[in-house]
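Chemist: If you count by the numbering used here, then the sequence shown holds residues 1 to 231, one letter each, in order.
Since the hints were made in silico from the structure, they are not lab data. For clarity, every value in this text was computed on a predicted model and none was experimentally measured. Glycine included, C-beta positions come from ideal geometry on N, C-alpha and C. Since no wrong hints were added, every one of them can be taken at face value.
Computed Cβ-Cβ distance ranges for the label pairs, DEER-style:
hint, residue 1, residue 2, range
1, Ala-223, Gln-50, 19 to 27 Å
2, Lys-67, Gln-41, 39 to 47 Å
3, Ser-56, Asn-219, 26 to 34 Å
Below, a list of computed lysine to aspartate or glutamate pairs in the DMTMM-like style, where the Cα atoms sit at most 25 Å apart:
hint, residue 1, residue 2
4, Lys-171, Glu-58
5, Lys-196, Glu-58
6, Lys-145, Glu-58
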Amino acid sequence: MGNSLLSIDWDYFISTENQEIISNLENERTIVDEWYKKYFQLKLQGKNIQNSFRLSSEVDSFWNRIKQIFIFNKNTKVYVSDSHVLSYDIAKKFQCTDVYLFDAHSDLGYGGSLSLDVNCANWLGFLLKEQVVKSANIIYSPFTKEKPEFFKHYNRVFDIKYLEIQDLHNKVNTAVIHICRSGAWTPPWYDQNFVKFLNALGLEYQFINCPVRRWKPNNLNFADQIQYLLA
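Turn these sequences into a full structure, and let the hints steer you where they fit.
Modeler: Structure below.
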């Protein structure tokens with residue numbers, strides 16, 4: 001029986017009509033300030049950015065389905081972060097043999113990014129490259145724009161499976177669970193839903209570098225709005 005990392009990205013549950021709205025970078029500015037900037041930019045065009053996103057109804061039944069497949073108990077460690085890169089350290093710390101990733105992105109690496117440092121976009125590729133884990137199982141979000149053939153090189157070199165949640169039949173021994181918010185990709189007005197999702201798991205969890213985001217655009221004065229637009 002394996003020793004699996006169950007890694008879940010909150011963006012698995014969030015659709016966006018326009019992928020260009022979303023940032024490709026991950027830092028303190030993009031997880032808060034950029035959302036305000038985009039909000040006011042679109043408001044000037046007579047649009048509401050919040051209408052461009054939708055939270056999947058799957059979020060309400062997700063844990064019930066997961067508990068039928070993944071074996072864990074009240075002592076299983078659960079970590080919550082903003083960045084998905086933490087999964088790299090978690091897999092090493094718990095000596096995981098494989099990864100089950102629920103995500104809108106593969107996080108295998110893009111455009112030769114395995115020659116760079118470990119980051120949120122390539123952590124899984126690094127775990128495979130460094131032989132920390134033997135295999136990866138990627139369960140894409142229904143909203144993903146990616147396809148397995150985008151990663152032909154990785155697929156030839158490493159043991160990678162692309163699955164649907166209904167394809168998971170065998171029980172999976174789960175060493176540790178990581179849930180990331182990916183704040184550069186997921187809007188702050190869903191953060192309360194995110195906390196509700198965390199609590200629905202029914203296990204204690206530990207926050208690591210997941211700052212609270214306050215979304216109150218209507219409370220900002222004109223000077224604040226200009227400051228965000230010029231950021």
